[in-house]
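Protein sequence lines correspond, in order, to chains A and B. Sequential numbering of the first sequence, starting at 1, is according to our numbering. Sequential numbering of the second sequence, starting at 1, is according to our numbering.
Don't read these hints as lab results, they were simulated from the structure. Keep in mind that this is a model prediction, so the values were computed, not measured. Possibly wrong hints are sitting among the right ones.
Some chain A residues flagged as far from chain B (calculated, every beta-carbon gap over 12 angstroms) [as the list claims (entries may be wrong)]: (1) Glu22; (2) Ala29; (3) Asp30; (4) Asn51; (5) Ser94; (6) Ala211; (7) Gln237; (8) Ile253; (9) Arg267; (10) Val283; (11) Glu289.
No farther apart than 25 angstroms at their CA atoms in a straight line, the calculated lysine-lysine pairs in the BS3-like style are these [what the hints assert, rightly or not]: (12) Lys39(A) to Lys352(B); (13) Lys305(B) to Lys39(A); (14) Lys121(B) to Lys308(B); (15) Lys325(B) to Lys339(B); (16) Lys262(A) to Lys352(B).
Label pairs and their calculated CB-CB ranges [what the hints assert, rightly or not]: (17) Glu218(A) to Lys324(B): 28 to 34 angstroms; (18) Glu437(B) to Lys217(A): 35 to 41 angstroms; (19) Lys551(B) to Glu218(A): 26 to 32 angstroms; (20) Gln441(B) to Ile182(A): 55 to 61 angstroms; (21) Gln620(B) to Asp180(A): 43 to 49 angstroms; (22) Glu294(B) to Glu183(A): 38 to 44 angstroms; (23) Ser304(B) to Ser164(A): 52 to 58 angstroms; (24) Lys551(B) to Lys217(A): 35 to 41 angstroms; (25) Ser164(A) to Thr432(B): 46 to 52 angstroms; (26) Asp133(A) to Glu207(B): 43 to 49 angstroms; (27) Thr285(A) to Ala183(B): 26 to 32 angstroms.
No residue lacks a Cβ here, since even glycine has one placed at the ideal position from N, Cα and C.
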Amino acid sequence: MATTTKDLNVAVIVKLEPDFSEGNVSYNADGTLNRAETKSILGPHSAIASNAAFYAKVKYGARVAVGTMGPPIAESALQQAQLLCDADELHLYSDRIFAGADTLATAEVLKAGISKVEGGKVDVVFSGHRASDGETGQTGPQTAWKLGYTFLGNVIDYNIDLESRLVRAKRLISLQGFYDIIEEVEAPLPVFISIDPSYNAFFNTVSQRLAFEKYQKEARSRAENYKQFLKVLNTQQLGIDPKLVGLPGSPTIVYKVERIPKAKASRKAEVIDGTNRDQIARVVTNMYEVLEGMVIK
Amino acid sequence: MERYDVAIIGGGSAGLAALKQLSNLNKQAILIEAGKKAGSKNLSGGILYSKKPKHGKTYNVEDVYPEFLQDTPVERRITQYMLHATSRDKVFTMNLTAAHEYQANFGYSVLLNKLNGWFAKQASESAGRQGGGIVSGVHVRSLSWQEEKTVIETDELEPFEAKAVIAADGVNSEVAEMTGARAKFTPEQLYQGVKVIVKLPEGIIEERFGIGPDEGAAHLFAGDITLNHIGGGFLYTNLDTLSVGAVYHYDSLMERPSEPYTLVDALLKNPLVAEFIKDQVAVKEEIDKNMPKEEQLRTRFAVSKLIKTWNELRDSYHSRALRKKLIESGKYKSEDEIKARLDSVQNELATKYDTKFVTDYVELEYGAKLVPDGKRCAMKKPYYKNILFVGDAAGRGVFIGPRIEGLNVGIDDAVRAANAVARAIDRNNFSTQYMGESYSQSIEESLYTRDMKEIDKDYLKIFLDAARDVPKDIIGQRYGMVFRLMSSGTLRGLAVGFANILGYDKLLPLVESQDTYVQVPIEVAEKIGRQFQATYEPTIPTIAQRIARLKYDDDRVSHIKVLNPKSEFMKKMVTLCPTFCYSMEGGNVTLQHEACIECGTCAKETEWRHPRGEKGIIYQYG
C-alpha cells in the first residue's frame, strides 16, 4: 500500500553492467566480451533512472532507496547511483542461489526487496529502459506486475500531485506508424516508471535549483561513506521462496547468442571528397532533388 | 515571484569571490552562471597573483577563501619569470623574476576549469548556510525594474527578483549592454588572447625547466614571433601541462588581420618553445583494411586501450604523487616495477601493433578570449542603478608591459562590491548615491586602479635593471634619451612624474608600438641573442583538428546575429574569428555558430549573446 500522507517514498532498481566505452572495453578473440579485462559501472539506463528519482527528491523531498541484485561487487553500482540520486538507503540483494536468474526470477527478488523499503510503502519505483548487456527490457515490467503497480513505460517527464496522490507522466511512444508521439497519462500512486533514455530532468525555479545543489552536495558526501547506508539482504532476510529465484525460478535460459545478420544495404553511398567545385555542385544538386521530393505540394 | 537579496550574474573568479565574500558577511546571495558548472566557460592565461601594495589595501584570494592553498587545485607557484626577445633561431633572454615578485605575495599558474570549480565549491557551501547558492546552466535574458527591485528573466527559469545585482559576466557583459551602462568595447580597448594547453608529464616539466616540485616557470616572448603585431607570447608551466599562448592588441590585428591561431603557431615553431614542449608521443599505425571487419574493430579497441594505459602509466611514473599512490595501492611494489610495466606496454604496442613512438608534442585544448585593457576601457563609474560591475565586465584588466592581470583584479573588485552591497542591505538603501558611489570610491583606492592610471617608477626600474646587458646602441637613437633619463634615480622620478602628468592617453601610442614590441626585440635577438636549434619539427594540428577536440553542447539556435553582412568589420572577422565561424559568400559574411568559443571578437558589430544555459563551449582546462 502506498502512503496516504504528503510524504513520498521512491525506489530505484539498478544494475551493474560492463563499461562498453572505447578504451575501457575488451573483447576475446571470438568476439565475446572479456569480462575480466572490462571494468563494470552503473549501467547507463540505471543512471537515468537514478536521475529521475533525484527529481522526486529535489521537487517533492522524496525519500529514495536504491536496490540491486548481484554479487557483493554490485555495491559499486549502488554507490554510483547514490551519487546521482542522494539515496537515503542502499539495498543489495545478494545470495548464491540468485545466480543464473533470468528476468522473471530477478523480478521476484526485486519485488521482495522493494516490499522491504519503508515497510512496503513505496509510491514510485523507477527502473531503466533496459540493461546494456541484456537488452531485454523485461525486468522492469515484470517487477511492476509482481508488485501489482501500474506500469508506465518510456516516461520522459513526470509530475506528482501530493494532495490527490496522482502522477501525470509523458510517454514517448510510436503510434500507428508514427514515431516520437508524446502521450500524456495520469495514474494513481503507486506506479512503476520505466524511464526513457531521452529523459532529462528540468527544474524551473531558483529555489528548486538551490535544492538540487544542496542534495547533490549531500549525495557526494553520502556516496563517499556509502557503506553506512548499505544493507545486504539474502533469501531468508527477503523472505523469498527459493524455488522462485535463481536457476530454479528461471523458465528461460540463454542457449546461444548469435550475431544479428547484417541487413542488405538499401542505400547507395558515393564518396564525394569536395576537392573541386564540380563535386560540390553535384552534392548541392543531389540534395536539392531529394529535398524537393520531400515537399508536399 | 521568488525574492532574493542579491543576484550575482556570472560565475567566473570575480562572481564567485563576490558570492563567497557576501556569505562571509552573513548575507544571502545567489549566483547565476550560464555554463553547465562554474569554470566551464572560463579561460585565462593565466597567473593568479596575491599582492602586497606599498600603499593602500588589496583584497587577495586568500582573504576571501581562508582555506586557499590547503587543497586548492592551483598549478605551480611561479618562481622564474623570463622575457625572451626572438628573431628566427636567435633568442636573447632577460630575467624578470624581480618584476614578477614586485609587490606580490605569490603568483600561481592556474587552469580555470579546476580552480573555479574549487572556488565554486567553497562559495556554494558558505552561501548555502545563508539560504543562497549557485544556480548554473541558466542564462540571464533581461533585466527590468519594479519598485526599485530588479526583475531578472532567464532563458530557463521563472523570473525572480533581487534588491542588488553584481554583474560579473565578463568582457562581453550582456548586463552592461542590456542596461546601456557602458558602450561595447572597441578594438583599441581590447587584446585578443589565444591559448593552447600542451600535455607534458610532471617530472619532465621539472627537469626541463629546472624547477622543483613546488616551483614553476613563466616565459614571455616578443620579437619576430609576433608576426609584426603589437603583443607577445607566453608559456607557463602548470602541474602536468603547459599553457602556451599569444596576446595581441586587437587594433593591431584589425589593421593587418592574421588568423589568430597562426600567432600561436609562430610561437610553437620557435626553436626554444619547440624544445620546451617536446615529448614522446605514441602514433597509431593505420589498421590493415584487408583484415576481417571484426578483427579490425578488435585491434582498434585493443590499441586504444593499450595507448590509454601507456599514457596513464607514463603520467603516473613521472609524477611524484601518482607514483606514490600506485605503490601504496599495492598494484606495484616499486618505481622500477612501474617502469618495467610501462616498458612492456610500450614494447607490446611497438611489436604487436606497429605503434611508433616519436618526438613531438600533444595539444589538449585550444581556446581564445578577449582581454580588456583597463588603461583604455575601465568604467569610470562602474555601476548602474542597483547594479555593480566587477572585473572584466567593468573593463578592469591590468596591462603593463608583460604584466597582464585580470583574475586578482576581479577578485579585489568583487570583495569591494560585496562589501558595498552588504552595507546597503544593512541600511536597506540600494540607491546609486549610497551603494554605487561607495563601491566606486572603494575601487579608486585599489592598487589596480592606480596601475590603470599611472606609471609606477619602481616597477619601471626593474625593467631598466634587467635590460642592463643590452648594448645601448641597439636601443639607439630612439630610446637612448629615455634610458639615460631613467637610469638616474632623481631624473627617473621627474620623468615618470612628467609622464604621469601627460597621462596614459598620450603615452600609450609611444610605449605600445610596433617598435617596442617587435623591432627592438628583433634587433636585440639578432645582435646578442643565443642561437637555438630544435631537434624536431612539431606537428601542429590544423584549426579543424583543434576545434574537433573541443567539447561543446551544441545549440541549434545561433546566439550571434550578424547585423551588416557587408561591413568592413565583419569581413575582417572571416580572418579574425579564432574558430573560423565566418565565411564569405557572394559578397556577404555568413556565420556558422557551431564552433564558436564565445570569445566576443565579433561582438562589436553583431547582436552578441552568450548561448542559452549549458549550451556552447565547455572548456576542460580553461
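Outcome of the hint check:
1. Glu22: At about 5 angstroms from chain B, Glu22(A) fails to clear the 12 angstroms cut-off, so the statement is violated.
2. Ala29: 8 angstroms, violated
3. Asp30: 10 angstroms, violated
4. Asn51: At roughly 14 angstroms from the nearest Cβ of chain B, Asn51(A) sits farther out than 12 angstroms, so the non-interface label holds.
5. Ser94: Non-interface label stands for Ser94(A): nearest chain B Cβ at 26 angstroms, farther than 12 angstroms.
6. Ala211: 9 angstroms, violated
7. Gln237: 33 angstroms, holds
8. Ile253: Since the minimum Cβ distance to chain B is about 26 angstroms, Ile253(A) lies beyond 12 angstroms and the statement holds.
9. Arg267: 18 angstroms, holds
10. Val283: Given a closest Cβ separation of 16 angstroms, the condition holds.
11. Glu289: Non-interface label on Glu289(A) holds, nearest chain B Cβ at 22 angstroms vs cutoff 12 angstroms.
12. Lys39(A) to Lys352(B): 23 angstroms, holds
13. Lys305(B) to Lys39(A): 12 angstroms, holds
14. Lys121(B) to Lys308(B): Outside the cut-off at roughly 30 angstroms; violated.
15. Lys325(B) to Lys339(B): 15 angstroms, holds
16. Lys262(A) to Lys352(B): 30 angstroms, violated
17. Glu218(A) to Lys324(B): 28 to 34 angstroms: With a Cβ separation near 31 angstroms, Glu218(A) and Lys324(B) satisfy 28 to 34 angstroms, so the hint holds.
18. Glu437(B) to Lys217(A): 35 to 41 angstroms: 38 angstroms, holds
19. Lys551(B) to Glu218(A): 26 to 32 angstroms: At roughly 28 angstroms between Cβ atoms, Glu218(A) and Lys551(B) fall inside 26 to 32 angstroms, so the hint holds.
20. Gln441(B) to Ile182(A): 55 to 61 angstroms: Since the Cβ atoms of Gln441(B) and Ile182(A) sit about 57 angstroms apart, the hinted range of 55 to 61 angstroms holds.
21. Gln620(B) to Asp180(A): 43 to 49 angstroms: About 33 angstroms separates the Cβ atoms of Gln620(B) and Asp180(A), which means 43 to 49 angstroms is violated.
22. Glu294(B) to Glu183(A): 38 to 44 angstroms: 40 angstroms, holds
23. Ser304(B) to Ser164(A): 52 to 58 angstroms: Given about 53 angstroms between the Cβ atoms, the range holds.
24. Lys551(B) to Lys217(A): 35 to 41 angstroms: 24 angstroms, violated
25. Ser164(A) to Thr432(B): 46 to 52 angstroms: 50 angstroms, holds
26. Asp133(A) to Glu207(B): 43 to 49 angstroms: 45 angstroms, holds
27. Thr285(A) to Ala183(B): 26 to 32 angstroms: Roughly 47 angstroms apart at Cβ, these two residues miss the hinted range, so it is violated.
Violated hints for the displayed structure, listed by number in ascending order: 1, 2, 3, 6, 14, 16, 21, 24, 27.
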